[in-house]
Each structure stands twice: as C-alpha cells, then as structure tokens.
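The residues making up each chain are set out below.
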Amino acid sequence: MGYVAVEAGEDVIQRAEELFEKQRVDGESDQLSVEQVDDQFSRLTAQAMSEGGLYAPRLAAIAVKQAQGDTAEAAFLLRAYRSTLERWGSSRPVETAELFTTRRVSPAYKDVPGGQVLGATKDYTQRLLDFELTDDDGTDPTEEWDAEPEDPPQLRNVMEVLRDQGLVHNPETGSDEDQPGTPFDATREPITYPAPRAAVLQELARGETGAVTALGYSELRGYGQVHPTLGEVRTGDLPVRIEHPYTGDEVEVTRASVTETECVVPIYEKADDPQFSFGYGLVFGRNERKAIGMSILDAAIQLDGDAPAQDAEFVLDIVDGIDSFGFIEHLKLPHYVTFQSILDRIRSIRERTAAASSGDDAPVQEVSADD
Amino acid sequence: MTVLDVANLTKIYGDACGECVDNTGPSVGDNQCPVCGSVVACADVDFQLHDGEVLGIVGESGSGKSSLAEMLALDLDATAGDARYHAYDGNMLSADYQARHELQNQHVGMVHQHVQDGLELSFSGGGNVAEKLLAAGWRHYGDIRDRVESLFRETEVPVSRMDDATETYSGGMQRRIQIAKAIANDPGLVVLDEPTTGLDVSVQARVLDMFRGLQREQDVATIVVSHDLDVIRLLADRTLVMRHGRVIETGLTDRIMEDPHHEYTQTLINSVI
Amino acid sequence: MTDGRSVVPDAESVDDLLDGVADDGLAGYNYAYLDEHTKREVRRATLKAIALPGHQVPFASREMPLARGWGTGGIQTSLSLLGPEDAFKVIDQGSDESVNAANIRRLASRTADVETTTDATDASVIQTRHRIPEEVLDDDQILVLQVPITDPLRRVDGSDDANRRRHAHKNYSKMWVALYENVVEYGEIKLSSRYPVLVDDRYLMDPSPIPRWDVPKLDDADNLCLFAAGREARIYAVPPHTEVEPLAFKDRQFQVERFPDQACANCGSEDTFLTEVETDDGDRRYACNDTSFCEKRRANPDLSKAHHRDGNDHAWGPATDPSVPDGPTENSEGGERE
Numbered sequence: 001m002g003y004v005a006v007e008a009g010e011d012v013i014q015r016a017e018e019l020f021e022k023q024r025v026d027g028e029s030d031q032l033s034v035e036q037v038d039d040q041f042s043r044l045t046a047q048a049m050s051e052g053g054l055y056a057p058r059l060a061a062i063a064v065k066q067a068q069g070d071t072a073e074a075a076f077l078l079r080a081y082r083s084t085l086e087r088w089g090s091s092r093p094v095e096t097a098e099l100f101t102t103r104r105v106s107p108a109y110k111d112v113p114g115g116q117v118l119g120a121t122k123d124y125t126q127r128l129l130d131f132e133l134t135d136d137d138g139t140d141p142t143e144e145w146d147a148e149p150e151d152p153p154q155l156r157n158v159m160e161v162l163r164d165q166g167l168v169h170n171p172e173t174g175s176d177e178d179q180p181g182t183p184f185d186a187t188r189e190p191i192t193y194p195a196p197r198a199a200v201l202q203e204l205a206r207g208e209t210g211a212v213t214a215l216g217y218s219e220l221r222g223y224g225q226v227h228p229t230l231g232e233v234r235t236g237d238l239p240v241r242i243e244h245p246y247t248g249d250e251v252e253v254t255r256a257s258v259t260e261t262e263c264v265v266p267i268y269e270k271a272d273d274p275q276f277s278f279g280y281g282l283v284f285g286r287n288e289r290k291a292i293g294m295s296i297l298d299a300a301i302q303l304d305g306d307a308p309a310q311d312a313e314f315v316l317d318i319v320d321g322i323d324s325f326g327f328i329e330h331l332k333l334p335h336y337v338t339f340q341s342i343l344d345r346i347r348s349i350r351e352r353t354a355a356a357s358s359g360d361d362a363p364v365q366e367v368s369a370d371d
Numbered sequence: 001m002t003v004l005d006v007a008n009l010t011k012i013y014g015d016a017c018g019e020c021v022d023n024t025g026p027s028v029g030d031n032q033c034p035v036c037g038s039v040v041a042c043a044d045v046d047f048q049l050h051d052g053e054v055l056g057i058v059g060e061s062g063s064g065k066s067s068l069a070e071m072l073a074l075d076l077d078a079t080a081g082d083a084r085y086h087a088y089d090g091n092m093l094s095a096d097y098q099a100r101h102e103l104q105n106q107h108v109g110m111v112h113q114h115v116q117d118g119l120e121l122s123f124s125g126g127g128n129v130a131e132k133l134l135a136a137g138w139r140h141y142g143d144i145r146d147r148v149e150s151l152f153r154e155t156e157v158p159v160s161r162m163d164d165a166t167e168t169y170s171g172g173m174q175r176r177i178q179i180a181k182a183i184a185n186d187p188g189l190v191v192l193d194e195p196t197t198g199l200d201v202s203v204q205a206r207v208l209d210m211f212r213g214l215q216r217e218q219d220v221a222t223i224v225v226s227h228d229l230d231v232i233r234l235l236a237d238r239t240l241v242m243r244h245g246r247v248i249e250t251g252l253t254d255r256i257m258e259d260p261h262h263e264y265t266q267t268l269i270n271s272v273i
Numbered sequence: 001m002t003d004g005r006s007v008v009p010d011a012e013s014v015d016d017l018l019d020g021v022a023d024d025g026l027a028g029y030n031y032a033y034l035d036e037h038t039k040r041e042v043r044r045a046t047l048k049a050i051a052l053p054g055h056q057v058p059f060a061s062r063e064m065p066l067a068r069g070w071g072t073g074g075i076q077t078s079l080s081l082l083g084p085e086d087a088f089k090v091i092d093q094g095s096d097e098s099v100n101a102a103n104i105r106r107l108a109s110r111t112a113d114v115e116t117t118t119d120a121t122d123a124s125v126i127q128t129r130h131r132i133p134e135e136v137l138d139d140d141q142i143l144v145l146q147v148p149i150t151d152p153l154r155r156v157d158g159s160d161d162a163n164r165r166r167h168a169h170k171n172y173s174k175m176w177v178a179l180y181e182n183v184v185e186y187g188e189i190k191l192s193s194r195y196p197v198l199v200d201d202r203y204l205m206d207p208s209p210i211p212r213w214d215v216p217k218l219d220d221a222d223n224l225c226l227f228a229a230g231r232e233a234r235i236y237a238v239p240p241h242t243e244v245e246p247l248a249f250k251d252r253q254f255q256v257e258r259f260p261d262q263a264c265a266n267c268g269s270e271d272t273f274l275t276e277v278e279t280d281d282g283d284r285r286y287a288c289n290d291t292s293f294c295e296k297r298r299a300n301p302d303l304s305k306a307h308h309r310d311g312n313d314h315a316w317g318p319a320t321d322p323s324v325p326d327g328p329t330e331n332s333e334g335g336e337r338e
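Chains as they are written, first to last, in the UniProt record's numbering: chain A, 1 to 371; chain B, 1 to 273; chain C, 1 to 338.
Calculated directly from the structure, the hints in this document are not laboratory data. Keep in mind that the hints are not guaranteed to be accurate.
Here chain C is said to cover these stretches of chain A; the calculated rule only asks that three of the stretch's residues, wherever they fall, bring their Cβ under 8 Å from a Cβ of chain C [stated by the list, open to error]:
#1 118-129
#2 192-204
#3 318-326
Simulated restraints on C-beta separations [unchecked claim]:
#4 A:ALA16 with C:PRO260: 31 to 41 Å
#5 C:SER109 with A:ASP185: 24 to 34 Å
#6 C:ASP302 with B:SER150: 50 to 60 Å
#7 B:LEU76 with C:ALA162: 15 to 25 Å
#8 B:LEU76 with A:LYS122: 51 to 61 Å
#9 B:LEU76 with C:GLN262: 55 to 65 Å
#10 C:SER109 with A:ALA16: 13 to 23 Å
#11 B:HIS140 with C:ALA162: 21 to 31 Å
#12 C:ARG44 with A:ASN170: 46 to 56 Å
#13 A:LEU133 with C:ASP113: 24 to 34 Å
#14 C:ALA51 with A:ASP185: 36 to 46 Å
#15 C:ASP113 with A:GLU243: 44 to 54 Å
Just so we're clear, the structure is a prediction, and the values are computed from it rather than from any experiment. Beta carbons: idealized from backbone N, C-alpha and C, even for Gly.
Next up, chain A with everything else stripped away, as it sits in the complex:
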C-alpha cells in the first residue's frame, strides 16, 4: 500500500533528509564553498535575501547551498532563521540619494544630472551560450583596461527633478497607528485591508521574484492600464546607520546592496491639478526585474481599479513566495480523511440521481474538494 511510505516514523524522515543531502555530494566535482556561492552566484543570494527579507549575504550563501540552488527554499530558510532572532533596534531612515551608484540608467530622459551610468550589465549584448565557460581560467576581462576605477558617485534621484516641479503625486505612506512615523511592519502586525502603503511596499519588496514579475507584466500585457515610464533604475550600496547606544550619534555600520527604481504613470491623480501617479520599487541585491515589477504593482495598487494587479488584497495575498510555496506543496500531504468525506458526498449524490433517473448513468457532478 502506497501510504505506508508516508506513514512512518522519524527514521524514515531522517533517511529522506540524508538522501537529499547526498545529492549535493554525489558528483565527482569538488564541494562548492560558501564563498564561491557568495562570489559567483550573487544573483541567487540576492534573490534569497530579498524574498527572505533578511540582508545577510553570507547566511544567504549558506541557504542557497543548503537548498541546492532552490531560491524559494533558500528564502524560506532565511526567514525561518530570522524569525528566531531577537530584534535589537531599527536602523535610521536613509535618503536613497545617498546611494553609492554602480549603475544608473534613466529611460525618461536622454541625459540626466550625473549622466547615464551603464555599469556592469549584459542588457545590450547578445545572449549566446558561452562555451568557453566550460574551461574557465578565471581571467579578468578588464585586466587590460588603462582606466583607473572610480569610486561610485552619489547621484540626485531623477524623480526629484519632477517632484521639484510639482508634477508627481505624493501619496500617504501609512505608518503604524500606535507609533506615528514608524512604518507598518507586516512581520510584527497582521495585514488587514485596506492596507497602508508602507505594508504594501514591504510585502512587494519581500515578494517572490517570479510572482512580482508576472503580476507586473499583467498590467503591461493589457490586464490593466499601468504602462510606466521609468524615471531611473539604479543599483549600488546604501549606507546602513544606527544610533550609537551611548553617544546617540548616527554611525554607519555597514552598506547594503540594493536595486531601486521609480516610475511615472501618465494617469492624473486629480483632474483640477494634474500630477503623475508613480510607483516605487526597492529590493535587496541586484534584481532589476523585480524592482521594476514592484514599481508597476505599487502604481497599480494606488490606482485601486478593477484590473487584477490593481487589487491590493489579491496581489498581496498571492505574491509572497513563502506562502505560495508552502500551500502549493502541502497538497503532497496525505488527504485521505477529506477525500473520504468527498467520496461519501459524490456517492450519495450519485445514488440520489440514479434513483431519480431510474438507473440511468448519473452525470458526474463536481464535488467541492476543500482544504
């Protein structure tokens, strides 16, 4: 009987886990070090940190290794760990104009103060599979450059140009009811609707990359009206500062790598005083796709229209990767009790229908299979 395997004691669980671990060491190659994951798979660790809602590159590298490259699982490991940590305090708010910018492109303007900074990107090259990587000797392609590396500049936000002209709508952010000025924190307080914008942004920033991309795309694809112009997309490092416990001064403790984007939507907030709606995206690490998707969703949710991605409740209910991953996969758990209950209903209804149509084959009706 098939269920025997699922109904077993701790030994079997232990062995299943060991078999899983074995997959990692099964091959002929050397073991991947956590440093290698950190250095060479920064996109994976960035995704795990952003979806896990915890900025910790080294922990993320361990999580990616442990999850054998499954980002949803890695993000889940980070969140589960994070939830056990004591919270010491909060960092000070930071202006993103302070970003030490390694890349910044502004689609809205041909040129912007500080210039277009392409930085490191594959955006404009052909996506050809590089067979030379099979024999990677670690050569640095920039080795021969005769330019001196510059320190990343701090650039004025492009949207500030528009804001200074009063062209951009300024929405309420929504702070914690009990502590005005403190942003809503969905990890400490359950979200109810209508949700403050701070909660929306937090949940989007922690959203699953594929889900954020897909829902954002739905707006562009025609299931909505948000087709934004990006003010800019930028990546770089933001200083993280805390208040010194003794002196009370602000002290920079570290920097966090982020991707930020702001977009404008030519839908006017007020008829008498036309202003752009706008959307904001900020995610940990390098993940431009998710940041842009987030900015579209932020704009869409502010519109509060009828399109799927404009319904805050719908978007926030499904965008979290830890939630969707868990509930989708829970279907693998045994369900024979509920299934027995469903069997009872369909048999009862079939008997009744058969009796009513005197022996004719009853049509198979849909029976609600819930849980």
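Model the placement of chains B and C on the given structure of chain A, informed by the hints.
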C-alpha cells in the same frame, strides 16, 4: 396612516462649504456649488407617504431623484434630513448598520435601476429571491421553495426558469425578479428606481401592469422614481416634480398632468405630448 | 535547553555568530523555539479568540522551520502553550505516524523538552490536522486544529475585506444561498469537509477540514478547541460548552459520512470514522482512521469512547458508545426528512 414622513432630506456630493444649498437650485439654474464645486443632488425635500399610496418622483436626469430613491432605500447615506418610518423608532436615515440591514431585509424593498445593484447575477433567479427569505431567518427549504415559486407566479416569471442563472434572464425578467425580491418579506415600503429603463416598450407595459396589480392587491406604500411621465401617470397617486435638486411642484398626479403650475412642469409635460 | 540562551552572544561579526551556533543545532534556539515576545503575542490572540468564540483573530504569524500550510499556525499555538509538564500528541489525518506529524512532534520534543504521547487520553495538548480523536476529550485537554483556510465565507467570496464586514454584521445570507443552490442542484448539501458551523449563534466558522463526522464533537464539548492558521495569520477558538451548529435546513439536515455495513478491517469497530483503501488485489478495505484508538480496540473490542471517564458517556460525535446504536446511522438512508 402615515408610513413615511420625510423632512429636509439633503444629499451633497463633495466637501460642502456651507453655502452650497443657497448657491444652487432652480433659481440659480444649476446644482453645482460655484464656491466649492460640490454637487447638491437634492436639498430640503419634504413629503409624507400614506398606507397603500404610490408617490411618483419625476424629473430629468441630474434632478436628484435617483439619489433620493437610494437614500430612502437606505443604500446611500444622507447629508442631512429626517425620515420617520412607521415601524422604526427614530430617524431611519441615522440607523446603524445592523438596524439598517434589518430595515432593508424586512421593511423596505428596493428595485434598482441597474440590475447588478439589485441582483447577484451568478445566483439563480430563485436564489436571489431566496436570499431575502434566508436573510429574514427562513430555514425550511421546502417552505422557501414554495414561497419563491409563488413570488415567481405573482411577478409572472416562468417557474421553469427558477433555477437558471440570473445572467441568462432577459432584462424584463431580471426586473421582475427584483420586484419579487423586493416584496418577498411583505415590506411596508417599496422603492422603484426607473422601473422601465432599458426595457422594450411592450415589456415596459407588462412590467408596469404586473406591478400595479401587485401593489393594489397588497396595498403596499410605494415610491416610484422615473424620468418617464407615462410611468408616473400609470402608477402614481401623487407626484413630486424635481429640478436641480429641489422639489418644484407637488400634487395629485392627475392635477399635475392636466394643470401643471410650474413653468418647468409645463415644458416637461408638453415636450412629451 | 531550557535556559533560554540567546543566539546572539557577544558576537563581533556574522562569522562569529555563525561559529557560535555552528555546533549547537537546535540547542541554540529559545525554549519552545519561539522567542518569548512571540509566545506572548500568540497567547494574547488566543485569549481574545476564546473571549469571542468563532471570531477570527489576526496575529503576526512568524515564519517557522516548517513550510506554511504544513501546520505552522498549529505549531506556533502549541509551542506557546507547552511547558515541561505537558504531554503532547500530534496527529495528521488521524495518524500519529504520518511524516508531518512526526516532524512536528520532533520539533516540540527537541525544543520544548516535552513528553510526547500517542494516547489521546494521556495528552494535555493535542495538535491535529483534519481529525478530532474518537476518544472523548476532557476539560483539562486542549485540542489545537491546523487550519488551511480560515473563513467559511471564502466559498462564496474570495475577498476577506468583504467577508470581515459580513462577519461583523452577522450577514451570512450569501452562504445560505449557496446551500440553497446546493440543494436545488443536488437534492442535498454537497459540502464534504470544512463544513460551515455557527458558533454560539453569532460567528460563522470554518471548523478546519475535519470530516462532518467530527463536527458534532465541537458542540458543547468539555475541552477547549483552538484553531490556528499560520499562513493566513489567524487564530480562533471554541471554548468548552459552546453551542456549535452546522448550517443546514430543517428539512435537509446535516449528515455525517456514511459507512453502510462497514466495520474496521483491523478492530471491527462500527462506530468510528473509517477510510477506505484499495488493496493491490483490487479489493476495497475499510479501516479506522484514528490509529491509536484502533489499536486499543484491537486489544479490547468493547472499549467505549468514554472508557477513561468512568462511564461518563458525554455525547461525542456519532455514537459515543458501541452499545448505544444511535447516532451515525440516524440519517444514513439518504438522510432527508421532509
């Protein structure tokens, strides 16, 4: 007996500046306040409705009659005003949600102009009518079926269609279902908002005849709101004429039709003939 | 393990921190895994839930080392209640041996130092997915039910915002219409598990996907029932001796699952919830779903479901006692009384 006594009923859309009512109305020729831009849908409406009486409210679109209907059906909050309903203690316009819900379920039946406001299109027609009974605490399936069936007969909807999805019904049938739903719990007051809009002329007549028959039989006090003078002529005992959010003339329907006093009413009636 | 040692000693860097916990395993975590702040919050939500029977109380559900949808609400609730004196039982689909039950039990015993048991009469806290034990629970026992979908109204409307309003106003007519249309279409109510119940004549509640068989056990029970959903971040409760009534029509009564002429292939019981198994040789066998009670019945076929209560045969689901043949078969011939 007075079923409903309404005084000073006012609805303003927008942030009123305090002078909106003085700055609008027929004397000004507009219902938008020039100071703050608020729209005065209706202001200072007074009337009484008696047992078994049908009160018509007529006016062109934008005259404020639909807002009036929705407020009386407790679907829309009033800005100001007082409405005394005989079976409710106090001003029903300021009833809390619970009391309002009860009033809507048991006492005030509404037939909406837009079907999606009045019916759940994914439910069956019978389900829509049953909802009213279920909300009022009916718990015997057989009794509910019997009552729904008799309401279908009274409103002349084929009983064979009872279990079909409401979205498959014709416009006329959907209107009848709304009427069946409105009278399901023997209400003291029925509000009809543009009962014939969107229906073919032949269907209009049949729906109105059916309702007039029902209304007389059950002697239920009714408010019918329409831009269509024929509807008012056929159903209403007494009529209020509205323009720019104000009642400009009131009287017995026959008198208003034959001897309109207000200039606007005269134009309204002449333009139809 | 119970010293509540913090995971963050005097670390200078993340690396230090990692070195510090590298060999600790779960020993590096707080007692009963959750930090004390979280436990307090879960307890507060639980108390509020008990004060408002059937009302869904939001709480800031924490990520657990179990996937969401796999009992994270239940385990947070259990861990907030457990102390070293407790005996903890975990069942999944009626079985103590299911892998997920074993995993949850292991987490509790490793972090909360509690004794675990498979005997429903010995446990002080029972966490369960989709079943209520066959043996009558006592007033000193707490049943924690894992809940996947917290709101019964989601069957008729996906929006929790709209549904919260309906609950606030006790406006359940849409649910009733759904039942009415069920009867129109099928001649009876087709809901299988997750059968909607009205608690204390006030809140409509989803009893979690327990079979209908277990629903009557909620009514006027001696024990406290807690319902917890981690993914949906809600806790609700049925306190002892609360009226719980499944929605049904006077002439289309609530029916439990029928097992006509079937007895458990292992212990011979005819008064327990059975599940069917298709065997390799093409037969269909029925067996008790509650495996620990089935084992007791195998040793003693006449054992009453209230054997541990000195003959107090408090009504408990269908047919509390095999000697009382009333109950589960009452409605089983089609179940409909006009």
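Hint-by-hint comparison with the structure:
1. 118-129: Not satisfied, violated; 0 residues make the cut.
2. 192-204: holds (count 3)
3. 318-326: holds (count 4)
4. A:ALA16 with C:PRO260: 31 to 41 Å: 39 Å, holds
5. C:SER109 with A:ASP185: 24 to 34 Å: Roughly 32 Å apart at Cβ, these two residues keep to the hinted range, so it holds.
6. C:ASP302 with B:SER150: 50 to 60 Å: Between ASP302 of chain C and SER150 of chain B, where Cβ atoms are some 55 Å apart, the hint holds.
7. B:LEU76 with C:ALA162: 15 to 25 Å: At roughly 19 Å between Cβ atoms, ALA162 of chain C and LEU76 of chain B fall inside 15 to 25 Å, so the hint holds.
8. B:LEU76 with A:LYS122: 51 to 61 Å: At roughly 57 Å between Cβ atoms, LYS122 of chain A and LEU76 of chain B fall inside 51 to 61 Å, so the hint holds.
9. B:LEU76 with C:GLN262: 55 to 65 Å: 58 Å, holds
10. C:SER109 with A:ALA16: 13 to 23 Å: 19 Å, holds
11. B:HIS140 with C:ALA162: 21 to 31 Å: Roughly 28 Å apart at Cβ, these two residues keep to the hinted range, so it holds.
12. C:ARG44 with A:ASN170: 46 to 56 Å: Cβ of ARG44 of chain C to Cβ of ASN170 of chain A: about 36 Å, so the range 46 to 56 Å is violated.
13. A:LEU133 with C:ASP113: 24 to 34 Å: 51 Å, violated
14. C:ALA51 with A:ASP185: 36 to 46 Å: 26 Å, violated
15. C:ASP113 with A:GLU243: 44 to 54 Å: Violated: the Cβ-Cβ distance is about 38 Å, outside 44 to 54 Å.
This entry does not satisfy hints 1, 12, 13, 14, 15, going by the numbered hints stated previously.
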